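Put together the whole structure using the sequences plus the hints.
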Amino acid sequence: MNSTQLLSREDARLCAGVVREVSSARGISKDPVAVGKLTMAVARLYNSGLRGREELLSAAMQMADLQSSAATTVGSKEQDVQYPGK
57 MNSTQLLSRE DARLCAGVVR EVSSARGISK DPVAVGKLTM AVARLYNSGL RGREELLSAA
117 MQMADLQSSA ATTVGSKEQD VQYPGK
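Take 57 as the starting number for the sequence shown in my numbering and just add one per residue.
FYI, nobody ran anything at the bench for these hints, they're computed from the structure.
Bear in mind the structure is a predicted one, so any value in this text is a computation, not a measurement.
Errors might be hidden in some of the hints.
[Claimed, not checked] Derived CB-CB ranges, DEER-like:
(1) Ala126 / Arg65: 32 to 40 angstroms
(2) Arg65 / Ser125: 33 to 41 angstroms
(3) Arg65 / Ala127: 29 to 37 angstroms
(4) Gly92 / Arg69: 17 to 25 angstroms
(5) Ser64 / Ala127: 29 to 37 angstroms
(6) Ala127 / Arg100: 16 to 24 angstroms
(7) Leu62 / Gly83: 25 to 33 angstroms
(8) Ser125 / Gln61: 29 to 37 angstroms
(9) Gln118 / Val89: 18 to 26 angstroms
(10) Asp87 / Gln118: 16 to 24 angstroms
Note that beta-carbon positions come from the ideal geometry of N, C-alpha and C, so glycine has one too.
Written out as structure tokens, the structure reads:
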């Protein structure tokens with residue numbers, strides 16, 4: 057897809073619907089940063105050739121799961137750090 061070529065209205069609605077559904081299911085719909093990351097992930101998936109709603113939704117859910125588990129792992133490691141002298 058050419059970077060100057062715009063999505064059709066139906067394709068834009070498809071991507072927005074997937075973002076809305078995944079963000080709602082994952083409880084991140086009130087977090088603008090998380091929704092932005094999810095939007096970028098869905099756009100990458102769409103541009104890589106996933107055009108069907110079900111396959112796009114499934115891949116976006118998996119990506120959201122990976123991102124949330126990575127954030128949880130990083131957060132738990134930060135809490136385990138011992139600072140000398142404190």
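Cross-check of the supplied hints:
Distance hint check for Ala126 and Arg65: the Cβ-Cβ separation is about 34 angstroms, which falls inside the suggested range of 32 to 40 angstroms. Evaluation of the 33 to 41 angstroms hint for Arg65 and Ser125 yields a pass: the beta carbon distance comes to about 34 angstroms. Taking the beta carbon of each, Arg65 and Ala127 are about 33 angstroms apart, inside 29 to 37 angstroms as hinted. Restraint check, Gly92 to Arg69: a C-beta distance of roughly 19 angstroms satisfies the suggested window 17 to 25 angstroms.
Between Ser64 and Ala127 the beta carbons are some 33 angstroms apart, a value that agrees with the proposed interval 29 to 37 angstroms. In this structure the hint that Ala127 and Arg100 lie 16 to 24 angstroms apart at CB holds, the actual value being about 18 angstroms. At about 31 angstroms, the beta-carbon gap between Leu62 and Gly83 stays in the expected band of 25 to 33 angstroms. At about 34 angstroms, the CB distance of Ser125 to Gln61 agrees with the hint of 29 to 37 angstroms.
A beta carbon spacing of about 20 angstroms between Gln118 and Val89 agrees with the range 18 to 26 angstroms that was offered as a hint. Between Asp87 and Gln118 the beta carbons are some 19 angstroms apart, a value that agrees with the proposed interval 16 to 24 angstroms.
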